[in-house]
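Number of protein chains: 2
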Amino acid sequence: KHRSRNAVGASSLACVDLAQCGVDMTPASCSAHVLSTGPGMPSGPAALHSCPATKPSMLNVHLVPHTHDDVGWLKTVDQYYHGDRNNIQHAGVQYILDSVIDQLQKDPARRFIYVETAFFYRWWRQQSQNTRRIVTQLVNEGRLEFINGGWCMSDEATTHYSAVIDQMTLGLRFLNDTFGECGRPRVAWHIDPFGHAREHASIFAQMGYDGFFFGRLDYQDKARRMKTKEMEMLWRASESLTPPLADLFTGVLPNGYNPPEGFCWDQSCNDAPIRDDPDLEDYNVDEIVQRFLNAAFYKTNHIIMTMGSDFQYENANLWYKNMDKLIKYVNALQAKGSKVNVLYSTPSCYLQELNLANLTWPLKTDDFFPYADDAHDFWTGYFTSRPALKLYERLSNSRLQTCNQLEVLGGPKSTSGPFGEGDSDTMSKAMGVAQHHDAVSGTEKQHVAYDYARRLATGWAHCEVLVRNSLAVLSGSESPRVFCENLNISVCPLTESSQKVLYFSMNVYNPLGRTVSWPVRLPVNGSLYSVTDTKGKTVDSQVVPLSKSTQQMRRNRGYAKGELVFQVEAPPLGYTTYIISILKDEPPASSPKPTATRSIQNKVHAAESRQPSGAYIFRPNSSDPFVINKTAEIQIVTVSSTVQEVTQWFSPWVSQVVRLYEGHRELELEWTVGPVPIADGLGKEVITRLDTDIESSDYFYTDSNGREVLERRKDYRPTWDLKQTEPIAGNYYPINSRAYIKDDKHQLTVVTDRSQGVSSIYNGSLEIMLHRRLLYDDFRGVGEPLSEPGEFFDGLVARGRLLLTLTPPNMAADVHRPLAQGMVLQPLLSFQDGTPLANTKLEVCRGSFSGLQDALPPAVHLLTLSQWDKDSVLIRLEHQYQAKESKTHSQPITVNLQKLFSTLEVLGASEMSLGANQWKEDMNRLQWNTGNPSPWEVTLNPMEIRTFLLQLRQL
Amino acid sequence: KHRSRNAVGASSLACVDLAQCGVDMTPASCSAHVLSTGPGMPSGPAALHSCPATKPSMLNVHLVPHTHDDVGWLKTVDQYYHGDRNNIQHAGVQYILDSVIDQLQKDPARRFIYVETAFFYRWWRQQSQNTRRIVTQLVNEGRLEFINGGWCMSDEATTHYSAVIDQMTLGLRFLNDTFGECGRPRVAWHIDPFGHAREHASIFAQMGYDGFFFGRLDYQDKARRMKTKEMEMLWRASESLTPPLADLFTGVLPNGYNPPEGFCWDQSCNDAPIRDDPDLEDYNVDEIVQRFLNAAFYKTNHIIMTMGSDFQYENANLWYKNMDKLIKYVNALQAKGSKVNVLYSTPSCYLQELNLANLTWPLKTDDFFPYADDAHDFWTGYFTSRPALKLYERLSNSRLQTCNQLEVLGGPKSTSGPFGEGDSDTMSKAMGVAQHHDAVSGTEKQHVAYDYARRLATGWAHCEVLVRNSLAVLSGSESPRVFCENLNISVCPLTESSQKVLYFSMNVYNPLGRTVSWPVRLPVNGSLYSVTDTKGKTVDSQVVPLSKSTQQMRRNRGYAKGELVFQVEAPPLGYTTYIISILKDEPPASSPKPTATRSIQNKVHAAESRQPSGAYIFRPNSSDPFVINKTAEIQIVTVSSTVQEVTQWFSPWVSQVVRLYEGHRELELEWTVGPVPIADGLGKEVITRLDTDIESSDYFYTDSNGREVLERRKDYRPTWDLKQTEPIAGNYYPINSRAYIKDDKHQLTVVTDRSQGVSSIYNGSLEIMLHRRLLYDDFRGVGEPLSEPGEFFDGLVARGRLLLTLTPPNMAADVHRPLAQGMVLQPLLSFQDGTPLANTKLEVCRGSFSGLQDALPPAVHLLTLSQWDKDSVLIRLEHQYQAKESKTHSQPITVNLQKLFSTLEVLGASEMSLGANQWKEDMNRLQWNTGNPSPWEVTLNPMEIRTFLLQLRQL
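Those protein sequences? They're chains Y and E, same order as listed. Add 160 to a position in the first sequence, counting from 1, and you land on the number used in my numbering. Add 160 to a position in the second sequence, counting from 1, and you land on the number used in my numbering.
Among the clues, some could well be false.
It does not matter which identical chain is meant; a pair holds if it fits inside one copy or across any two.
To be verified - Below, computed lysine-lysine pairings styled on DSSO-like, alpha-carbon distance capped at 30 angstroms:
#: 1; residue 1: K382; residue 2: K697
#: 2; residue 1: K589; residue 2: K481
#: 3; residue 1: K266; residue 2: K488
#: 4; residue 1: K1030; residue 2: K573
#: 5; residue 1: K589; residue 2: K485
#: 6; residue 1: K481; residue 2: K905
Simulated from the structure, these hints should not be mistaken for laboratory data. The model shown is predicted, which means the values in this text are computed figures rather than measured ones.
So that you can see chain Y by itself, here it is in the shape it has in the complex (with noise of 0.2 angstroms):
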């Protein structure tokens, strides 16, 4: 079996190499965990070599000493890092993990876990050989262990699945390349998410996770999780994939992820500190240790109990030395009868206890939305919080994956060639920050939510240096490409001169595995254009006025007065190019003049309240929503063959264009919402309501990060009775793709293009949270009403899409799952002015390219197409169908990795656990069946993802 030298396969080998660099270890081997997974399982050590030692016979309780470090919130994750504005919030990570390894370094018996690898991938370049030395010891010897180790602790409302598998790979693959084995994270540990996706715990149970924790959820189900000893179980996380493959065990956490009350001795507590001089005042051992004997416990003898929390342990000693006294002084009761051993713990040495307590544990196969922590307080607000920002991560997540295939596809002048360097790397950091539970959720500060947009733009630029270098090398042209940033505003200084060249050509690359039709919509200043595809066949075109709304939001940035608008159709993992020039320069005709009409209402829910709505929470006044206005203005224009298009315009600052592309089955509805007003001194939360005939009752489905569906129902929850207290927000989702309601006969499906709130209040009717702009602060920590400022401070207008489908309900995948997916990996677009020069360049060019040797199956997806090293790619095939929703689909398929491209030979190909931190051949967690009858067939079953290494050659 072929493996790279440089990837994974050096784990086995860590320790070795470490013994070579003169670090003293006991034992001489690697002191790696190894988890057991149960009874069931068929060989290996039984026990984690470097767990602490219990005793069966006593109640023992696990300190895990840990700090949670935000990858932003308040400040910027540089500033985190940093400590850098310390007046807004005292925290600085490096100081924090310079602190936690001094004292480590002073008592073995000390532990501690590190969850972020955004930050200490930073700690990490900025230490010395010696620090780096100590370090990797303690790593080895588990007095170091690293928990979860994404680059981030995701969001799990409003992240993609795609983005979270690789911001995933990207911390586990720094914590592989540094430590090895002995860095893999056993345990996933989501302590702060603020509710919990059913598809990240798939995800956790496919990267190898033995166990997951987590800190929040709804406080109806914890009190009644606390009273039947429910508060650990198993998580069967997906209803396509064959158990155990996503069964994950899942552990609520006892106080949060904070330490019990009154034991928290971070310098950012003001708890007492063990006194333990007689000579002094105020020695109070004996009370400490009673009011800690006094604490509540679990189901098995062995308890968790998380030290530590946000930005602790910058000053370290005061933890470990209060810590140490209250291990001391407990345990010395012993000898006086007592039956209580504290130690120095992790959670993977905790799920151990608890694996080989074998007991039986309750299942779990809903999800853990919405969140409340109160009977007013649903954290549902969030969802929707920060439109724009959502958008803009959506749509680097559809560049960085292009900007990766381009990496593979172009080969090594990708990333240094005719337009400079470039790289992907920066980019998938900044996608790596941006999934973080405070970034995509929208609950940052404003200062923030700029430093993440600022980081995915700088990535983006970047990655177009790389695109420009691949294209040229794929297209054969190296004259200049530009990119269209603000083409949902109609602005493209290329496209809106293009009066004064002869021709203008657009390259359409599409990083979808099979051939996507695709509307086009160019700003223009002439009324009509040729359009002709890379054949010289003409397509079909037209100019239509620019909207008002349009207009209004583009402001001065351009001119143009029309769009053309036609449609392109790209091959799988490939581009196309059209050829545009300007027929008739005369300004296109203007818009015809607004009717007044009674239909189609969008609505808003006006927020102020004593716990007002915010950034995280979602709080109406009153459960009917504001009618906007029960009269829409409304302009229709027709475009023959292409598309045709209604505006309508519900207030000076909601509009919406309701468009239908020839040869497409949806209806788009494109959204305008800003900027929201607020002298009224209301807060307001602008929703559409899609009313229809579908019988559909209480129930409502929504999408898990994009992937699989969730039944809903109004005002209930499969796990425990609920008692309903907010009968709108308590029925919020967060969607990120999709959600649906349907009868016997119908479906709506609605796909959307970025992450946001959804419910179904009543009957046949399905609403989306579309905007937010509050003005009081949450109180959930941020300090900060969520109200975006705009350009000009006026308040942020917000535009987006929602695609509808009607369909009979088992049709309906067959159109959802592709159209989606379209709507995340959009096709990029780029420009080349048709000067004469260009022009007797591109024709000698490579007009069209595709990386496949064929489209894909129809239920398999390409999630990932990376350079892992110079010889090796990573790529993860995905059944994008979940088992039973598609007739024709939910089916196993096989595909062959050797005749998958057109351009690279397949020397080998390693299957690696999802996180591709390990071969899966080594993933002991759960047996797997093995055994393809060809080493290049995989075969892919309903909602799998299987994950390679592939060695290459460019053919």
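Based on these hints, arrange chain E on the given structure of chain Y.
Frame of chain Y; chain E shown alone:
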């Protein structure tokens, strides 16, 4: 010459001992500091071996990492040590020392200074042998340097020199015992006290300090000195001692004691860290370096920068990591021609460079009182704040001296005798912390003031046992002995109940070196008593009715109806006994009815303004104080032959008793003030004003720490052209024991029982502030209005005494010097009740005793007599007259050490520095006149204190 093996003699061997402990030292010998003192110095190394190299051709910036650790302020000393109650203030000294020691080990260039031995002592006791070894090495290498080194950083306005010398000795001895010569502080460091006393400078000089740095001085003075480059000077701190005996190099620190603005890298600061990773956001090295180079500088090519502040360095990594970078990047510019050289340094290394610069420095002969930090912000309120605490501290000093003396006189049985285990150590330490500049100053929070008082009470409880043991040894009587703590409010259960016993005896211990006569007032319920001395001679006595104000103050704690008044006479450094028996047990006559009269006035300043009066600040509403009452109710009691007294009532909360005792020339004013009413919404500051015909013009005189007297002049400062902005508060000065006004013929001297604020606003007038109760905090950090609760939270009642003498000016010192020493070291009364058994025993016991062979000459004061170790005692002899103030006594005077004690044989004597941490002959700070005719003959010049270690044997 005889020397104690365990005392300072060990110093010069310390490094050898250390080498024996296995510490690898480079160089092998001690790198102890030896400071040159200028061109006149006879021999010895010219530079500190361990000081960092500087660059002569550059501006050398000495970064001095330091922490300022208040020995109590907002929290108690132990709360600060532990880091308890961080909700009040984040501060934990144990962690500071942990962290600094860790960080110093990381780089030999790093340095730190530590100041407060009360904290270091607590920490050291808890350290492992290994840590102690590391710390000792750091000290030997000069990387950890002790500065100041007293038990605390004493207040300068409200402390008595006797207690200051004791607390310094306590701290310096711990350092000497622990670290030897390498641990001896070279520099005095009073960075926070609010004004600076000349006597403190004199003490520091006599203790061998080479320099003194402080932070606070009058804002006008500072502005002038900045301009004229007189921030550094030579302070000639005594008018009596021959220069350079009391000369002290003194420097004003440039930023108080804080770092330059923008360069505070403590966890408690929000300044930007140095961000030197160009791959992360916000790289700011260039900007920081530029900002640093723009700082303003001093006279030489050296500047000191205090890098630290209150309770900083709890996480020293933050500081050092950023300073490392600052040094690296600033010094890197030298390669490009920069002439700035930054280095880690210490005050003594900086001082050495100033000394080597061989410049001429301005001379300073007055002091730095009062301190104002702005035009209306005079820190003159704290001279009087918490008058009851100030008295209790002063009484505790008297008791500690008595305790120390009786430990010596009683021999080993004092500490372990018939009454159990006693010690003077607890009281020494309690007094040590009470000298802190937020302790006796009255500027701490209320709960902290209670803690200081509690510590003193605990200290006295330990001393009580010692005193009982010692008096049992000396007197031969082991019958129980009680002390009456509340005689000032006429409460003493034993004497009150004396009608039920035949008689009781009273022991009067006199800690002074000469016989004293002292009026005693005992609460009684009979109307006639017999008082006899040890020779059986009857002493004149009367029972006077208990005053109404005393009845109010004692509430229900006692039930005496009268006070038995008589005068006692006690021998030098010894005791005598009086037998008191009741003759008539009918109740004493009640007081005569009050009559109204217009006469003496008590006044009050009302405080309320934008900068209000508070614990620190005095800022009255008006220049004219409000008269409390123009008429006073008067009760006259005439007691033949013992005392004459008049009680005056100015209001229900202000009264005064005027007394004249038989045989005494001084007039006693016993004032009682409180609870100060505040229902009118005005804080009040009560003064008593003595108006006379003395033509004092604008001049008046105040003592410095109870020793030398300084001339004061209204609206004038000797050093600069004062712009007076506060006509009252700006003319207040602290007194510790006395103040006077005079003209050619008369001098009115007031001797006080505690530290107070005083001024003379009018010709012939002297006003003394007695008590303060205020409604607002004064914004200097304490965060509480100074409104001391009384016993039932109705406001504290304070009572005190002023002794007034009117003499010709040239006779005044002969009266006020012994009068003040008698007030400072008061006789200690103890009682044994008169059961027949006790009676029998008393007969066979020694009723009187003197520890001295003869009374000391009038000019000589026995400042210190305390057990040093098993075989030796520490003695300090003081000339208590200033040069020229007394015709009779302002002359050199000789004492023979060998002929001093009556019961102790002096086997050897070695003279030491005032701080008792160096042999006098080893002091190389200054050249000494040596060669007394006999080693036993000690000559004292005016205001000289000499300190000896005596080897003794009980006779």
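The hints, checked one at a time:
1. Proximity of K382 to K697 under the C-alpha cut-off of 30 angstroms is found in neither arrangement, the shortest distances being 63 angstroms within a copy and 88 angstroms between copies.
2. Taking CA atoms no more than 30 angstroms apart as the test, K589 paired with K481 passes between copies only; the shortest distance there is 27 angstroms, against 36 angstroms inside one copy.
3. Taking identical chains as interchangeable, the C-alpha atoms of K266 and K488 lie at most 30 angstroms apart whether they share a chain (16 angstroms) or sit on different chains (29 angstroms).
4. Taking the shortest alpha-carbon separations for K1030 and K573, only the intra-copy value of 12 angstroms comes in at or below 30 angstroms, while the best inter-copy value is 87 angstroms.
5. Within a single copy, K589 and K485 get their C-alpha atoms only as close as 41 angstroms, which misses the 30 angstroms cut-off; across copies the closest is 27 angstroms, which meets it.
6. With identical chains, the CA atoms of K481 and K905 are never at most 30 angstroms apart, being 67 angstroms at best within one copy and 69 angstroms at best between copies.
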